[in-house]
Structures are given as structure tokens and as C-alpha cells.
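Q: What follows is each chain in one-letter form.
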Amino acid sequence: MSEDTSRSRYQAVIALEVHVELGTRTKAFCGCPTTFGAAPNTQVCPICLGHPGVLPVLNRRAVEFAVKAALALHGQVHLESVFARKNYFYPDLPKGYQITQYDRPLATGGHLDVEVDGESRRVRIRRLHLEEDTGKLIHGGTPGGGATTGAPYSLVDYNRSGVPLVEIVSEPDLRTPAEARAYLEALHSILEYLGVSDVRMEEGSMRCEPNISLRPVGTEKLGVPVEIKNLNSFRAVERGLAYETERQAALLAGGGRVERETRGWDEGAEVTTFQRRKESADDYRYFPEPDLLPLVLEQDWVEAIRRSLPELRTARRERLVREYGLPAYDAGVLTASRHLADYYEDAVELVEASQGASVPTAGAADGPGTAPLHAAAKTISNWLMGDVSRLMNEAGLEPLAMRAKTFALPPAALVELVALVDEGTISGKMAKDVLEATFSTGKPPRAIVAEKGLAQISDSGALETVVARVVDANPSAVAELRAGKDRAMGFLVGQVMKETGGKANPRMVNELVRKMVGS
Amino acid sequence: MRFTEATASQLATLIAQGEVTRSEVLESFLERIVAVEESVAAFLTVTADHGRRLARLADKAAEGGATPTAGVPFALKDNIATQDIPTTCGSRILEGYRPPYSATVMQRLEAAGHILLGKTNCDEFAMGSSTENSGFHPTANPWDLRCVPGGSSGGSAAAVAAYEVPFALGSDTGGSIRQPASFCGVVGLKPTYGLVSRYGLVAFASSLDQIGPITRDVTDAALVLGAIAGPDPLDSTSARVKPPDYGQALVPDVDGLVAGIPRELFGEGVEPEVRQRVEEAAAVLAELGVGVEECSLPNAAFALDMYYVIAPAEASSNLARYDGTRYGYRAGAAAGGEDVGNGARASIGGGPPPGDLLSLYLSTRSQGFGPEVKRRIMLGAYVLSAGYYDAYYLKAQKARTLLRRDFEQAFGRYDFLISPTSPTVAFPIGERADDPLAMYMADLCTIPASLAGLPAISVPCGFSQGLPVGLQLMGPAFSEELLLRVAFAHEQRTDHHTKRPPLLGVKRH
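Protein chains in written order, with the working numbering: chain A, 12 to 530; chain B, -18 to 490.
It cannot be assumed that every hint is accurate.
Part of the chain A face toward chain B, derived, beta carbon under 10 Å [claimed, not checked]:
1. Pro63
2. Pro67
3. Leu104
4. Phe285
5. Tyr297
6. Phe298
7. Leu304
Pair by pair, the computed Cβ-Cβ distance ranges are [claimed, not checked]:
8. Arg287/A to Glu252/B: 50 to 60 Å
9. Pro67/B to Glu322/A: 37 to 47 Å
10. Val235/A to Ser347/B: 34 to 44 Å
11. Gln348/B to Ser19/A: 51 to 61 Å
12. Glu322/A to Lys355/B: 56 to 66 Å
13. Asp114/A to Arg356/B: 21 to 31 Å
14. Leu418/B to Asp114/A: 30 to 40 Å
These aren't lab readings, by the way, just hints derived from the structure by calculation.
Just so it is clear, CB atoms sit at the ideal spot from N, CA and C, and this is done for glycine as well.
Okay, chain A solo, but in the shape it has when bound (with noise of 0.2 Å):
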């Protein structure tokens, strides 16, 4: 039986279990940095390594950032929860126990809703929980994180250990490799937009692990779970869901049976390999965790949380629509990232501004003055989700990236470049080389411009002189022209910029080309 057959036959139920490493300054219990990348063991204090006699104390930063979280997701956050400690032995766990949450997490319930070929899913979420990170082991290899060199030791890096993370469950409500990957890019941009995480996945700040099982199609008894590791991007998730169902299918068409077990995904090879048995359930002998009181909130604070959210991305990309005119499309890429539709708006906020006061304000959007406005925020994206966007993948920049005062093309310099293709002085496509220039060099594309002499001869006097020579030049195809011949009119365009050294105003020239042959 092919694939394609027996995989149709059944039906994937898959859940996701999130861990997101909030973006608090300090670590969870102790008063150490959390900045990514330092070098190994230079964040860690006799708390986050576990040293006999110390005891944790809670960051209330990232209790905020977890109620926030929470509460985006629409999930109930309940005044007292309790941390309890999960007992196992790993060299990456100082304690021989994380600090974490069992009967009585932070929040439990709430929902996400996830499009999928334009049809919206709301997807359950069973509980929300915060708890520590592990620390990081190097096996047989450099603490660099270079080659590895095949010591016959691992070593350990605790800068992780410590370092505040939620948990977010959700219910087995996934269908399709596609529909996982939708939720966890909406869930990735809810935390992008709360400002709660940088939501890295290949950092490991947003680390997923899916379970699935199989069902025959309109059945509703739930298979044997498979869960998986080390997916460490939205398409790893996608490829490695996608390649477990087909193998899963496979295994109970040809009567096998799926064993319930952890498998780790393949990058290179893109298959899910055996990991670990999962027999019973792990005896992790939770209790509560003595040393730290339960968890009491004050209604009060998580109701100012709760005014304090910020705009998600459906509700900016609705107002993206409304206010600029945008495409729903446009709204939809710009808004994929928070970052990327910062720095949007602030590019079209600064036209808005230069148009002054003849542009009515957002309230008056379908005012008479709003057609330059949306015309230049139309522009705006079209750079964007363009070259810019190609270059930022080109140079491996992520959105988060633009916002940095460094960035090389701060939406000033945007905004400059698109006024010097509306006033003429550029060409659209010399726009592009100039854009290239201000992203390599940082230089503003005015100073381009007047650096290489790109600026076009829009000087109609000059350029008269030009086109007279070349219509003079050219009899035949002036004729052509005449008799209707559209071609003709490319020609004789491209003499003029040829002449002009490519300078000269295309829009100009095709109309004083007309002019003098009276086409």
C-alpha cells in the first residue's frame, strides 16, 4: 500500500508543549544575568549552581510576564498557584530537582485561534506554568560550541540554569503538520507582541515538543502518543510532525504497532530517529516546593496587567487595513513580526508628518486627504516586503534586528529613499541600488545619490536637446513609431538613456519623444 493511501486512512490528534524562556533581566530565583551567548559558567551564582544551603527567590518580573502571557492567551490565571519540585538526576540540573509547577499552575484553560488556508482554528490551551531552565551540556565538545573534538567528557554550561520559562500546554486539538506549525507561529507572535521573550527558536529561547497519535479517520478512541525533540524552527516542526505521521500511517497499515516513545528529529537526514522508551510514566516524585510560599496575586495587579496588554496582530492588522488603505495581504506579512510592523508605522508616520497638516489624522481616514498618505503606505510595504526583506534574509537579519539604533536603514532613510523616487530625482530602478548602497553602508541615500551622481536629468531643457538629436538620428524608426509601432518607442527611449548614461528621467523622455514625433 502506497503512503499517500494508508496515510489518508488515518487522522493525526497532535498537541503542543511549549517552553519559552521569558525575557526577564535576571534568572528566576536568583540575581544573576540572563544575556544570551556570554561565555560558558560567567552567569551563574552559588543559587542557580545549586551549592548546599541556598534557597530561591522568585523574580516578580517574570511572574508579570507569565500572567501576561496568560492572560493574551485568554487563559484563567488563578490568584494562588504552588511551585513544586520535579526530582531526577542529569548533570545539567544543579539542585537533582527543577523548580517548577504541578497540581496548581499558574493558569489553566484559554485558547488560540490559528488560520490554515484562510480558515481560523481555535486551538485549546490546557494550563500555562512557570518554572527554571536546566543548564546546558557540551558533550565531547569545545565550550565554545565549535567542533566537536570527541573528549570522552561532557562538559556543562549553567548559564541557562535558572533562567525563567513558561510552559504552555496545549489540548490535543491539532489535526495537521500544518496546523502545529500555524499555532506555534501564532503563539510566537503573541509573545513577540507581548514583549515577554525574544521567541528564538534556533537560541532555544521557543523550544517545542509535539505529541502525536494516530486514529483511523472517524474514530475517536486516541493512539499511542509519539513525542518529539529537537525541532528547532516552525519548518522542523512542520517537516518532523509531516514525516511522523507518514511513519506512523505506515507502521499500522502494515499492521505494526506504534510504541509509545520519544524520538528526535534529523535535520540533515530529515527523519525521526528512537530516542527513549516511554513505558510508564516517569516517577519525577513532585511535592511542593518547601522554600518558596505558594504563589498569591493580588486581583488588583492582574487586572492592571490585563489594561496593560499590548495590540496582538490580528487586531493591528485590521487597523493597518483601516487606517492606511493597506491590502489585507501587506498587513498580513508586515504584522507577522512586531517588530517588522514597528518599524512600518514608524516609516509611514514620518511621511505622514512631511505631509503636514493637509493630511487629516487617522480618525478622519476616509477624508479626501488620505490618497497620498495611502499611496506612500503602499509604497512603504511594497519596499518592505521586497528588497528590503530580501536583503535582510541575504544578510541572515531577523525583524527584531531593524529596530536596533545601529541598523543600517532606520525608517528615515527609507522614507528619504521613496521621496527621491516620487520627486523625480531617482528612477525606481536606480532606487534599488541606492537602497542596496544605504544597507550596506549605513550612508543615507541622499548622500548615495549625490556620491555616484545618480541623480536623473529631469532638466527638460537638457534633455531636449538629447532626444532631438536621437529622433534626428533615427528616421526609420521615428517612421515606425508614427505608423503605430509601440516597439519603436523602446528604442528610441533607450538611445536617450543610453546617451544620458541611464540619467535621464524615463518618464520624461517618453513624453517629449511623443511630443517631437507627434505620435
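Chain B: place on chain A using the hints.
A: Chain B in isolation, oriented as in the chain A frame:
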């Protein structure tokens, strides 16, 4: 003058008045340590150099007109972290471990100008009632060197009783300050849970552990408690209450107070002579105007059962960190291993390493821990296991709540409660070593207050066959002032605390 005879408060006064220098005081205690340590063996580490340096500096500063600091020498139980000074908890698994930080109590005593003179022996990780479970050596009772000093803070109590230091700190989880204080004829105070910061106290059972003073009289107990009590931002379970001036409590006025004697703590297990001494103490209080009645704490009868579920459960988790990977003993590592700073140690290049991670854990912990610690880790892991949690841990916690209510009810009627600190006097070394259950009985009277988180003090109330008997006073949460006042009143009317141990008996080798 022999300064070792003076109490901490007397010494503080003498030093403040310039009658004596800190260095002189320190040297006389060091001499005393040299003279008696061979017999008593109360210390695991004597910090002579550290103490001398601090004493000299403080003396010099005082000469220069700086605000005088106390300068009284003291000892700490070896489960209290002291920066760069060995802290072993009486365990081989922490042999050579020097913490990278100091406990809050250590910082507070040093800030007050007191000078650390050493770290005292104890039962391994404070698990025991005789100090025989120390991974290093037993300690002798200064009143009879053939007997145990009690435990687990046996080293601290013996050091104070033998005049090796004017005061010491112990830790009390189920009676580990009070019972050795009782066996050694000194004063031991277990404060209300949360009154003294646990930051830097190596955890045994986190919901029970408290640090407290062991002193030669009640005045010193008040002095030391005042120096170490109070909120600590590093301990989330420390109470956010400003402690009063405990010195103000030292007035011998107890007229009109009412005391209860819980019959559950005064039953058949109590030796007749111990019973007699406690009754005499009650009579002394009655003479001072205290109404004394028998009362009941029904659930105290189950206190040992609760304790031996809850304490091992927490211990099994607290002791998981001793796995040989970061500090302390590592199986297979060459002596000491390679010091990689921060008290951590790497065994790269050390002795033959165990084959894999699991065997590293197994051999490190099998070799590093003693039998009593292993017994409690196994017990604790068992009661927390899936399927047993509800039947043991959860049930014990529910029973604990009932016991708390018993106390609350009793304190609705009585200002404080009276009992023996221990049902017996000090027993011979080795007598109960192979009988854990008999050993556990030593804490019968002290465990209830521990489970309820309440303050309790043990004060000398006489002798039985030449060995000290302790009187335990228990009060409501944060009633330390009241307990000190009653203990002080009792002390003023008796002379038990002035008796000196003969330090006789077999010489130890």
C-alpha cells in the same frame, strides 16, 4: 581572670569597656580548646588563624577610636555555610568543600563583631540524635565522656558546655538544638519557623529547619537571638516581622501566667528521674505565680510518624545535589580532583572515572553518604513515589495540620507548655547506634513543636545520675520574648546553669 568562665554578654561588656582585648579573649578560648578537644572532640574545624586576624583588626580599629564591636568568639554547626571555610555537614560527601558564600546568620554575627572560632561536629546532614552519625568522629558529652552529647547539634552543645566557646549556633529540625542542649546542660532555643533566615543553612528538611542559639544562660540566648533574627530577602520563608529587643524580655516576672503540661509528652517513656526534675521545675514556676495544669495535644501521639514521613521526603530531594558533578566527593576522582574555582572540582585527569553517568552517581552517593542518611533518602523517595504520595506524604501533611490545631487550641487556654526536652538523659556512646527506632525516640518531646513551626527552648533543670536534665518550654508562634522571660525567671530561682561539667571519664584517643 579566666575569660572562658564568662558568658557572651559579660565578655561583650568587658570588651566594650576596654577591660580586655578581643585577642586576649580569643586566645584564652583557643587554649581551652587545645586543653579539652582531645576529650570532647566538639569541632571539625578550628578557625584559629581566621579568628586571630579578625580579633587583631578589631582591636586595632577600637584603639583608633572606631565604634567598638562585640568581639565575642563563637562556633557554628558545620551545616552552616561559611565562605572559604570548610562546611561539611558532618559528611564525607562534602569533605574539603569550601562554600563560595556565607550564611545570613554568619554575616549577621560577623557584622555585630563576633568572631568565628570554629565549625562544630554534628550528625551527618543533621540526621541523628547523638552526633554518632558524623562521618568524621563522635563527640563526647563533657558531663560524662562515655556518653553522647545528643544531636544533631552535639558539637555545638558540647563546645559550649565544655567552655570552648561562649556560644554556638545549632540547627533544629526535630529537636537538634534542644535535645543536645538538654544532654549537655546548656540553653538551646529553637525559634519560630521563619524568625531566623535559613539562607546558608544546608537543608535537611526545609519546612522544619531552623537555626538557633546554644548558650550557657538565658541572657545569652536573648543576646544571640537578637543578633541573628529578622527578615532576610534571601529567604522567602523568613517572616516579615521586625524582631523585638529580646533583652527587654529578661525580667523575672511570670506571675499570672498559665502553663499546660501535655500528657502525650509526659508519658511512660519518660525516665522517672527526668519526670521528677521536670515536676520540680514546674513547682518552681508555680511558686513564681504560674498556674500549671495537665493538658492534651491528642495528635502529638502521632508526631514521630508524621516527622519520619515529612522530613525524609524533603531530605531525599534536598540531598539530590550531592552527585559528584560540581563539588564535594566524587567517586573515582583523585584526592581533591582538579580545583576549577568556586568550590567546584573537576575530575578530568583524576583517578579512574566510573564508566558512565549512572555509575558515577551510584558510587559517589554510595561511598559518600553514611547509613542513616541513605536510610532517610530511601524512606523519603519511597513516600514521594507515585502511588504512595497520597497515603504517606499527603496524609502526614494533613496530620500536621491537625497537630497545629491542637497547639492553637492549647494556646487558647495556656500561655506556654511544659515538657521534658528528652525522655532520657544522655545515653552511652554506641548504645543506640544500631537501633534507629530507639534513637528516633530521643526526639519524642521536641518533634511536635518542630512540626507546628513553634518556638521552644530547653533550659537546665537539674541532674539525673550526674547527667543534666532539660526542661522544654513551648510557646505560640513568635512568642520568643515570653519563653525567654519564663526561662529567665526559672534560671533566677535555680542554680543548675552554674554547675560545671567535671570533664571526667575515659580519655579519648
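Q: Each hint needs a verdict: does it hold in this structure or not?
A: Taking the hints in turn, this is what the structure says about them:
Checking Pro63/A against chain B: minimum C-beta separation of about 4 Å stays under 10 Å; hint holds. At about 7 Å, the closest approach between the beta carbon of Pro67/A and any beta carbon in chain B falls short of 10 Å, and the interface hint on this residue holds. Interface restraint check: Leu104/A against chain B, minimum CB-CB distance 9 Å, threshold 10 Å, status holds. The beta carbon of Phe285/A is not positioned within 10 Å of any beta carbon in chain B (closest approach about 19 Å), and the interface hint is therefore violated.
With a least beta-carbon distance of about 8 Å to chain B, the hint placing Tyr297/A at the interface is held under the 10 Å criterion. A least Cβ separation of about 6 Å between Phe298/A and chain B falls short of the 10 Å threshold, and the interface hint therefore holds. This hint holds: Leu304/A has a C-beta 6 Å from the nearest C-beta of chain B, less than the 10 Å allowed. The beta-carbon spacing between Arg287/A and Glu252/B, approximately 57 Å, falls within the hinted interval of 50 to 60 Å.
Separation of Pro67/B from Glu322/A is about 58 Å and departs from the stated range, judged on CB atoms against 37 to 47 Å. Checked against the hint of 34 to 44 Å, the C-beta distance between Val235/A and Ser347/B comes to roughly 37 Å, which is consistent with it. A hinted range of 51 to 61 Å holds for the C-beta pair Gln348/B and Ser19/A, which are about 59 Å apart. At roughly 58 Å, the beta-carbon separation of Glu322/A and Lys355/B lies within the given 56 to 66 Å, and the hint holds.
Range check, Asp114/A to Arg356/B: Cβ separation about 29 Å, and the 21 to 31 Å hint holds. Checked against the hint of 30 to 40 Å, the C-beta distance between Leu418/B and Asp114/A comes to roughly 34 Å, which is consistent with it.
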